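Peer 1: As a plain string of letters, each chain reads:
Number of protein chains: 2
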Amino acid sequence: MLKYPQSILNLIDSFAELPGVGRKTAERYAFYVLDNMNQVDVEEFINNLEQVKNKVKHCKICGNLAEDELCPICQDITRDESTILVVENVRDVLSIEKIDSYNGLYHVLGGSISFSKGISAKDIFIDGLLERLKNENIKEIILATNATLEGETTARYIKELLNEYPNIKVSRIAYGLPVGGDLLYADQMTLLKALEGRIDYK
Amino acid sequence: MLKYPQSILNLIDSFAELPGVGRKTAERYAFYVLDNMNQVDVEEFINNLEQVKNKVKHCKICGNLAEDELCPICQDITRDESTILVVENVRDVLSIEKIDSYNGLYHVLGGSISFSKGISAKDIFIDGLLERLKNENIKEIILATNATLEGETTARYIKELLNEYPNIKVSRIAYGLPVGGDLLYADQMTLLKALEGRIDYK
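Read top to bottom, the protein sequences are chains A and B.
Per my numbering, residue 1 is the first one in the first sequence, and the count goes up by one each step.
Per my numbering, residue 1 is the first one in the second sequence, and the count goes up by one each step.
In case anyone wonders, no lab produced these hints; they're calculated from the structure.
Since the model is a prediction, treat every value here as computed from it, not as a measurement.
All C-beta atoms, glycine included, are put in the ideal place defined by N, C-alpha and C.
It cannot be assumed that every hint is accurate.
Far from chain B, by Cβ distances over 12 Å, these chain A residues were calculated [as the list claims (entries may be wrong)]: (1) 116; (2) 161; (3) 171.
Across the chosen pairs, the derived CB separations fall in these ranges [stated by the list, open to error]: (4) B:91 - A:78: 51 to 59 Å; (5) A:125 - B:182: 40 to 48 Å; (6) B:3 - A:189: 36 to 44 Å; (7) B:123 - A:149: 55 to 63 Å; (8) A:79 - B:91: 47 to 55 Å; (9) B:39 - A:184: 21 to 29 Å; (10) A:19 - B:101: 31 to 39 Å; (11) A:139 - B:3: 23 to 31 Å; (12) A:184 - B:171: 48 to 56 Å; (13) B:175 - A:23: 22 to 30 Å; (14) A:69 - B:57: 45 to 53 Å; (15) B:153 - A:54: 46 to 54 Å; (16) A:55 - B:182: 49 to 57 Å; (17) A:79 - B:57: 49 to 57 Å.
So that you can see chain A by itself, here it is in the shape it has in the complex (with noise of 0.2 Å):
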């Protein structure tokens, strides 16, 4: 039976790597580059994923993205830089910044720690946040992990190092996250009432 010419098999392949993308949608998506992309669409498509794995890497302080050493965050002097907020991900990062009013450092575990996936303590930035808190000045922690299982183990976790340092205020942000609730799926409201409601953890 005809197939499709090969290169365009493996285009379809590869798009049906990304989430959520099935044979057919990958093959609307094939068909659309072949028949709607112009050579310059193509070209800057593929600069564009070039970039992406060449230029972006994560902050050394706090895991952020950065194209430099340092993320925009850590750069910027204007930040108040004796609070450190915690969150799973990149993305969480920017749900906190579009809601405008936290003005503090962030701070990015790139996970969160999992026993059913084999996720352990180790293999997040929590050493990379320890670290922080002997070279700056940290007066407040305020723990944003997800209102999941993994988020609340991780934020514990975190929780229980930070009573080596008394004078370090550690909060959580509030259950104004639906429980069960991803941080990036949040609206900017619910994101607002949490951080303002945020409580001292103990």
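Since the structure of chain A is provided, determine the placement of chain B on it from the hints.
Peer 2: Coordinates of chain B only, in the frame set by chain A:
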């Protein structure tokens, strides 16, 4: 306000160009590339994009996809060369091939006549079809353009042209209920066509 690094924004833009992909989905794809694809995966993706634009051509005879001068079907000497099935798009060829019961040749118009989109008969591969009638020994032409206004207009237009060739049988694929279809959910036009196209029940 903080934004993602420019290289990520660029890749999000590229993905957002694909049909049916909004910002959120494009973001998801871009972060998948960043977080879950390694250098080899991305190079393969890039290579596949390049290849599709460089390698895939249209068959000189029938307009189907080809990596050589001729498509696999026009190269296949076992196909019945006296019948041409006319479709709008290359993907339609695969749809027909999948049912595994047509053994003739194809002709891919690469679109349909559309007054609203300003696509005229000259813009699609009709002249290529007429050329084949002079050179090949064609006995039947099956018009399998879509069951849309444009597809019907195109089929009708080609039928008129073929009046010059009284020895060629011209047929149109049947309209009707889809197999497994419920009368209750069929639209009126489909029902009308199904009724008009009724056949002796033996």
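Peer 1: Next step is simple, just say for each hint if it's right about the structure.
Peer 2: To see whether the hints hold, each was checked on the structure:
Every beta carbon of chain B lies more than 12 Å from that of residue 116 (chain A), the smallest distance being close to 19 Å; the non-interface claim holds. With a cut of 12 Å on Cβ distances, residue 161 (chain A) stays outside the contact zone with chain B, its closest approach being about 26 Å. Non-interface call for residue 171 (chain A) relative to chain B: holds, since the shortest CB-CB distance, roughly 22 Å, exceeds 12 Å. The given range of 51 to 59 Å is respected by residue 91 (chain B) and residue 78 (chain A), whose C-beta atoms sit roughly 54 Å from each other.
Separated by about 56 Å at the C-beta atoms, residue 125 (chain A) and residue 182 (chain B) break the suggested range of 40 to 48 Å. Checked against the given bound of 36 to 44 Å, the beta carbons of residue 3 (chain B) and residue 189 (chain A), roughly 21 Å apart, lie outside it. Distance hint check: the CB atoms of residue 123 (chain B) and residue 149 (chain A) are about 58 Å apart, consistent with the given range 55 to 63 Å. As the Cβ distance of residue 79 (chain A) to residue 91 (chain B) is approximately 52 Å, the hint placing it in 47 to 55 Å holds.
Between residue 39 (chain B) and residue 184 (chain A) the beta carbons are some 26 Å apart, a value that agrees with the proposed interval 21 to 29 Å. Checking the proposed 31 to 39 Å range against residue 19 (chain A) and residue 101 (chain B) shows it holds: the Cβ atoms sit about 37 Å from each other. Taking 23 to 31 Å as the suggested C-beta distance range, the pair residue 139 (chain A) and residue 3 (chain B) conforms, at roughly 28 Å. One distance hint, 48 to 56 Å for the beta-carbon pair residue 184 (chain A) and residue 171 (chain B), holds here, with the actual separation near 54 Å.
Checked against the hint of 22 to 30 Å, the pair residue 175 (chain B) and residue 23 (chain A) passes, with Cβ atoms roughly 28 Å apart. The supplied range of 45 to 53 Å is met by residue 69 (chain A) and residue 57 (chain B), whose beta-carbon atoms lie about 47 Å from each other. In this structure the supplied range 46 to 54 Å holds for residue 153 (chain B) paired with residue 54 (chain A), their Cβ-Cβ distance being about 50 Å. Between residue 55 (chain A) and residue 182 (chain B) the beta carbon distance is about 54 Å. The supplied range of 49 to 57 Å therefore holds.
Range check, residue 79 (chain A) to residue 57 (chain B): Cβ separation about 55 Å, and the 49 to 57 Å hint holds.
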